[in-house]
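Given only the sequences and the hints, what does the whole structure look like? Please build it.
There are 2 protein chains.
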Amino acid sequence: MTNNKVSMAVIRRLPKYHRYLKEMLENGINRISSKELSDVIGFTASQIRQDLNNFGGFGQQGYGYNVEDLYNEIGQILGLVKTYNTIIIGAGNLGQALANYNFASHGFKLEGMFDINPKVTGLRIRDVEIKDMDLLEEEIKNKNIDIAIICTSRDAAQSVADDLAKYGIKAIWNFTPVDLKINNHEVIVENVHLIDSLLTLSYFLKEK
Amino acid sequence: MTNNKVSMAVIRRLPKYHRYLKEMLENGINRISSKELSDVIGFTASQIRQDLNNFGGFGQQGYGYNVEDLYNEIGQILGLVKTYNTIIIGAGNLGQALANYNFASHGFKLEGMFDINPKVTGLRIRDVEIKDMDLLEEEIKNKNIDIAIICTSRDAAQSVADDLAKYGIKAIWNFTPVDLKINNHEVIVENVHLIDSLLTLSYFLKEK
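Line by line, the protein sequences give chains A and B. Everything in the first sequence is counted per my numbering, starting at 864 for the first residue and increasing by one. Everything in the second sequence is counted per my numbering, starting at 864 for the first residue and increasing by one.
Mixed in with the good hints, there may be bad ones.
Stated by the list, open to error - To spell it out: a stretch of chain B is covered by chain A in this simulated footprint if at least three of its residues, at any positions, have a beta carbon under 8 Å from a beta carbon of chain A; those stretches are:
#1 995-1009
#2 1051-1059
#3 1062-1071
To be verified - Computed list of chain A residues with no C-beta within reach of chain B, every gap over 12 Å:
#4 R894
#5 G925
#6 A1019
#7 A1028
To be verified - Example chain B residues on the side facing chain A (calculated, C-beta under 10 Å, incomplete):
#8 R875
#9 L877
#10 H969
#11 K972
#12 I1035
#13 W1036
#14 N1046
FYI, nobody ran anything at the bench for these hints, they're computed from the structure. Please read these numbers as outputs of a predicted model, since none were measured by experiment. Glycine included, each C-beta is placed from N, C-alpha and C at the ideal position.
If you want it as structure tokens, here you go:
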């Protein structure tokens, strides 16, 4: 079903399909054509057919797509077949905001938060205690953590990432403005560069 | 210098160039070849030459790029030629985290924060007072606000966006998981869908 040649651009569109299909399911919509999907998602119908063909094409001529099947298939492709254990490193404003985000409903369980600042260690956010960084290695191993979310200061980010790689973390979700360099190519890094998104906005503002 | 045919993919890469060039400048690097730029940024040298050619090509054969010139040119392309006045709608954890982010150093000045919750109105974050939503229209007009950052709940997002469009906001930076529908095509919307980024991460985790 999966295909290693699928382009990054397609992969980046899949979560959007997933999000819209979830909404449709919640609204009781069972069946949809690529044309209707196009109207709500904003990609062309031909783009949608092409995208979904990458994964075996679940549509049927004259019927369209079964929303629930498509939602489940895309969920599987996206790896939403198990619960991922996550931790947050850096429990400042952003770390606490992310802890309050409801990622658990998507299958990402928050198993720990870590900080070096004694003013926040010991606090609990949504029943998760903020612990001292000294406990990081032990907790990663004991709790079988898959994903670490880095919300530290810019200066701390690279050394935290080095530690995480050493402790066997499989994936890093990076919210700092640093492009992390990880020698271990087994570790997946996904960057959220907020400033890049903001600069794209200012580009379009200027173009007007 | 600018070219309307520049693809979205190129535009999305520009902030990354900008970020790296800034670091080089801070480290006293004055001149760089596309090969060296490639080594640090991770795009191919040919990709870099192509990207920068879109904007008139600032490199010189046998010399490479002047870092400061390139940094300034890209900054201009990205619209970083003035200060943008911004406000944050929704002063919960995420709104407060963003208020503490140092976007001002990039030319984005936080001029106000708004919430409906009396528990947070009146508080100050970095000298900016959180005000009641009733004051939104007046403040947008008085303070000449360019960009509104939406950090409200999912349910409030669309109606907040409708109000913002009505009050003359030019651009919306949307942190809610809602794909906003704005009838006024003059309003630019840039979405930060955190969950999409997380699902991309789980895709790669599963692929391993």
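Status of the hints after comparison with the structure:
Evaluation of the coverage hint for the region 995-1009 of chain B: breached, as 1 residues show C-beta separations to chain A shorter than 8 Å, against a requirement of three. Figure legend: the region 1051-1059 of chain B, annotated as covered by chain A; annotation consistent (7 residues with Cβ-Cβ distances under 8 Å, at least 3 required). Restraint check on the region 1062-1071 of chain B versus chain A: 10 residues with Cβ-Cβ distances below 8 Å, three needed, restraint holds. Against chain B, the non-interface label of R894 (chain A) holds: every CB pair exceeds 12 Å, the least being about 21 Å.
Interface exclusion of G925 (chain A) from chain B stands, the closest Cβ pair being 28 Å apart, more than 12 Å. Here A1019 (chain A) stays apart from chain B, with its beta-carbon at least about 16 Å from theirs, past the 12 Å limit. Taking the minimum C-beta to C-beta distance to chain B, about 14 Å, the non-interface status of A1028 (chain A) holds against the 12 Å cut. Proximity of R875 (chain B) to chain A holds as hinted, the smallest CB-CB distance being about 6 Å (cut-off 10 Å).
Interface hint status for L877 (chain B): upheld, as the beta-carbon distance to the closest one in chain A is roughly 7 Å, under 10 Å. A distance limit of 10 Å between C-beta atoms decides the matter here; for H969 (chain B) the minimum to chain A is near 6 Å, and the interface restraint holds. Because the smallest distance between the Cβ of K972 (chain B) and any Cβ of chain A comes to about 12 Å, over 10 Å, the interface hint for this residue is violated. The closest approach between the C-beta of I1035 (chain B) and any C-beta of chain A is roughly 8 Å, which is under the 10 Å cut-off, so the hint is satisfied.
Restraint check, W1036 (chain B) versus chain A: the minimum CB separation of about 6 Å is within 10 Å; hint holds. A cut of 10 Å between beta carbons decides the hint on N1046 (chain B): the least distance to chain A is about 15 Å, and the hint is violated.
Hint compliance for this structure: hints 1, 11, 14 are not met, and every other hint is.
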